[in-house]
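Protein chains: 4
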Amino acid sequence: MHCIGIDIGGTKIAGALVDAGGSVIRQQRLPTPANDPDALIDAVIGLIEELAEGEEVLGVGVAAAGFIDAQQANIIYAPNLSWRNEPFKSKLEAKLSLPVVIENDANAAAWAEYRFGAGVGFRHMVMLTIGTGVGGAVITDSKMLRGGFGIAGELGHLRMVPNGLLCGCGQNGCLEAYASGTALLKAAKALASSSDPAGQRLRELQSGGQELSGQEVYSAIQEGDPGALGLLQEMGSWLGQAVASLTAVLDPEIVVIGGGVSVAGDLLLDPIRSAYLEHLPARGFRPELKIIAAEFVNNAGVVGAADLARVSLAPKVN
Amino acid sequence: MHCIGIDIGGTKIAGALVDAGGSVIRQQRLPTPANDPDALIDAVIGLIEELAEGEEVLGVGVAAAGFIDAQQANIIYAPNLSWRNEPFKSKLEAKLSLPVVIENDANAAAWAEYRFGAGVGFRHMVMLTIGTGVGGAVITDSKMLRGGFGIAGELGHLRMVPNGLLCGCGQNGCLEAYASGTALLKAAKALASSSDPAGQRLRELQSGGQELSGQEVYSAIQEGDPGALGLLQEMGSWLGQAVASLTAVLDPEIVVIGGGVSVAGDLLLDPIRSAYLEHLPARGFRPELKIIAAEFVNNAGVVGAADLARVSLAPKVN
Amino acid sequence: MHCIGIDIGGTKIAGALVDAGGSVIRQQRLPTPANDPDALIDAVIGLIEELAEGEEVLGVGVAAAGFIDAQQANIIYAPNLSWRNEPFKSKLEAKLSLPVVIENDANAAAWAEYRFGAGVGFRHMVMLTIGTGVGGAVITDSKMLRGGFGIAGELGHLRMVPNGLLCGCGQNGCLEAYASGTALLKAAKALASSSDPAGQRLRELQSGGQELSGQEVYSAIQEGDPGALGLLQEMGSWLGQAVASLTAVLDPEIVVIGGGVSVAGDLLLDPIRSAYLEHLPARGFRPELKIIAAEFVNNAGVVGAADLARVSLAPKVN
Amino acid sequence: MHCIGIDIGGTKIAGALVDAGGSVIRQQRLPTPANDPDALIDAVIGLIEELAEGEEVLGVGVAAAGFIDAQQANIIYAPNLSWRNEPFKSKLEAKLSLPVVIENDANAAAWAEYRFGAGVGFRHMVMLTIGTGVGGAVITDSKMLRGGFGIAGELGHLRMVPNGLLCGCGQNGCLEAYASGTALLKAAKALASSSDPAGQRLRELQSGGQELSGQEVYSAIQEGDPGALGLLQEMGSWLGQAVASLTAVLDPEIVVIGGGVSVAGDLLLDPIRSAYLEHLPARGFRPELKIIAAEFVNNAGVVGAADLARVSLAPKVN
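Protein chains in written order, with UniProt numbering: chain A, 1 to 318; chain B, 1 to 318; chain C, 1 to 318; chain D, 1 to 318.
No lab work stands behind these hints, which were simulated from the structure alone.
Mixed in with the good hints there might be a few duds.
Copies of the same chain look alike in the list, so a pair counts if it fits in one copy or across any two.
[What the hints assert, rightly or not] Below, simulated SDA-like cross-link-like pairs (lysine to any residue); rule was C-alpha separation at most 25 Å, straight line: (1) Lys-290 with Pro-162; (2) Lys-189 with Glu-288; (3) Lys-91 with Glu-50; (4) Lys-143 with Val-120.
Let the sequences and hints guide you as you build the complete structure.
Here is the structure:
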């Protein structure tokens, strides 16, 4: 039997019917109804019904950015959707005849990698999803680490620097403030608007009168512009330092780097690996982990959400 | 049936016969044979045989400071005992007719708290043991977090300050460099040898010509000396900042503070609580955890080691 | 003979006729012509002519926020006025029959304190002007420290935290990012928009729907609100840490704290003093400096600019 | 007429008769009498008498590591010589018929560079002397910056990292803790005793059973060993960051790098230059200073001390 995975993003909702092997049978996308919770719920229900049509479906996993509670039923806090304490599971189940589990989006993506992608064959995995923010997920001993209140794995809020850069979470110095796509773009804008010769190419790429865009930064990286590459390396260094610190806590076998920024590949991964080694506590007296790129390109969220629903709805032996 | 717990410290080896409810039936101590691995193994075997005499024993748990591998069989690295890659389990089992599991000492102490002490009733617990160093242990979903290579939960090596104080692990800025008993004593010595008026009482307590001792610092704290209390509060602040950062990763329900320095009670715990709240990411948008003192005074290591052996040797259902 | 002092601020231009004892004979204010350099020059000339009318005037000192060159003739960079490499002295002298010297505004304010205010009787003084930003000035051996290119004393850009908060200068971790009025307001807004109980009073003071204003933060401080006072103390702690670091470089006898935020008096100065002592290198083995409040309320800029013109235009003996 | 310069080091006392052009006419060395203040004074007097014999001498400048008071008469604190509040000038003058001025050793070395070496032609110079510690000196507008209590220019105690590495001055995070010869050796020892492949060559150079020596580190650098060069570059980066921060305060035209470690030349200077540019506040909107190596090899201390005595004893015009 198949499961349905739904991934609610800031601009679009993706949905897929997924089989037990992680293959997408059928998929669909909708724009996210902005600022209208009821319309969003209706849109999700419509999408599920469409995907389920004519199929026997085991259940639905819904991934969203935010804090999900330990029962995987309620959204405690979703900054993008302006939701607090939203009983999302019960609202969906009230209109559907299918069981629903709610999941954090970074957890869903990590689960897809763990089961069908870069993490296959490992039991202890950490994933960092470098997009607008820095999402995190921890799989220990083959289980998703959820924590006491459901919100473990918020690795973007590991503190890197006391009194450091402001983070959207209200604190200072979080990893996300140094190593997200947003942080990269901010650093690139600062470089472009300075007189630093390293910002020369970024200044050229910037369309007249407008602020630098993420796309332009990405072009500069692909061209091999030393200025933009320097920023990417610095970002990688912060990520590697975070991996070293996380190793002391979690001791994973593997760290998977995903998200939009990870398309930079080894240009990002090599600095991560090198900073990890440089900052690893008791280096040389312990095994060293692997740092690799995510394998999924687009469907990690829906595939992971569907498979987590499958795991969560499976009969328990003990 | 009972289990035996052994706790190998730098100066003494403690052993106890422990029942299924965590009660100590019988116990014994020996001095640690210094720098002689074979003598140490013989001493541990002698202790086990003595404790086991006339009893039906399920198995033995041996706790030691250091990195234990994921099979709980080999000591990868034990700085105090100068051991690397020591096949401790097989050496002991070769001379005993009992199954043996090896365990990190901070894990053993945390397990005692989790099963029979401050952590009873919780499923997601973090423990920080503030002794000479800072030991750590993580229990998630009622299981000891071991990680891919057996050395998860080394929370003393979470990095607090980039380019910060030197740590014994070879890195800079680890929690242990700011919040261990050693760090407290070092700070107290510096204060006593300065001209700072806040060091007045420490200077008086210091025996003529000798360096300040940990006992003298403890006396100053108990007297309420503002200088010594200030150092303790600073130490508590670092621990609270670490708890806030760990919350992002692990999201525990409870943090237990143990070890020799924790006898300071709320003088230490209050600054931990207050720094935790001040540095908690997304404070106000999530539940807050409890920070409480350990309940065991002396036997956490042996009781936890014995009970972890029991858990580890129990028949598996799935 | 009198001198004229002009102080060009972001919103208004102040001018005064000042005697050799630092007393204001006559004064005048105008709004700053926004974004129109020529209009600004005309306004300054009009103001000078009005103040000079019927008086024998020795010369004119003009203070502006920005980098002034070593010849005190050209404005290298004035962020608020969008000026770069502006030959301000020659433009003014072209239309006036008076000698003109250009001066940094924080230098002018410090000179007024040094000659006629809090710094009287000292020869080595540092001043920190805490307004929107953090202005600085250094007087060593009774002379204004100008540096090789005219831009010494930019004390707001002493780095306090590697990889710290972003500063308007393009760097991270500058003092100004932690201890300016802007930084205080930013911290207060963050506290008010959190769920932290310490932000309760700030939330009440905030007018419905609008962002917190500086005036509301000031009210909270005056009421003794612990939340707002905590922010002020933290700001004071950063300033004291900066003073300790500056002492290693400059070894002044006295530090004068001025600017809008300094009206908080000892609520700000006490935390500065205490952090200075805590962070002073080789404390106890050296004299300790005085940290006191500025005495001028409004006219420091014009009085200092006028007197610096007098000093600068005086005949040189050697 | 000639002056005599004396430079009291931890292991030897150097003395020279120096002419008005900075040339050494005659020189002499003695071992420093350890731990015996009276013997040291006698040794210095003997050395002066010997150098002065048959010459008409204007005066004597004596350089020593430590805090010298503003009257250049008393040694407030000299850690190496265990002196506090030593009236050195009067003790020497009591037994000599020559005027004596006391000077900090880093100031003396800087003055030699300023007058006769790398700083010729500039008026605003900073010098960093990288030896066992980090000495500093500031020349502004052609004058030695002494500060209100005589101890300005202690640039090794500029704070680089809050809560950073311990410094001998009792504080944390001082430049000296990151960029002195001692810091370099400590970092090299740590690298050699780790399992890090980058420490391979240092491990080979280390004589069996003994700790790594400074000479061995220097050999590794000269061979081009990437591990040792990496440490030197990191040290250079800290120095460059310090120069950037000092620029905000002092705005010098030139920074001279001297002391034993500076023999590494551009291997050290290039990382200093590059970190300076990267961390310069308002980069691109201001002139950039020069960073160059010291020219004196051995005699900077005695030549500078002698010439500072000459300047100090010259008749004053104003």
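Legend entry - Within, between, both or neither: Lys-189, Glu-288 at alpha-carbon 25 Å: Answer is between; shortest inter-copy Cα gap is 23 Å, intra-copy 36 Å.
Legend entry - Same-copy or cross-copy closeness of Lys-143 to Val-120 [CA-CA at most 25 Å]: For Lys-143 and Val-120, the Cα distance is within 25 Å both inside one copy (13 Å) and across copies (23 Å).
Inset, instruction - State whether the alpha carbon distance between Lys-290 and Pro-162 is at most 25 Å within one copy, between copies, both, or neither. - result: between (28 Å within a copy, 23 Å between copies)
Legend entry - Intra- versus inter-copy proximity for Glu-50 and Lys-91 (alpha-carbon distance at most 25 Å): Close inside one copy (18 Å), not across copies (63 Å); limit 25 Å.
Consistency with the previously given hints is maintained throughout, with no hint failing.
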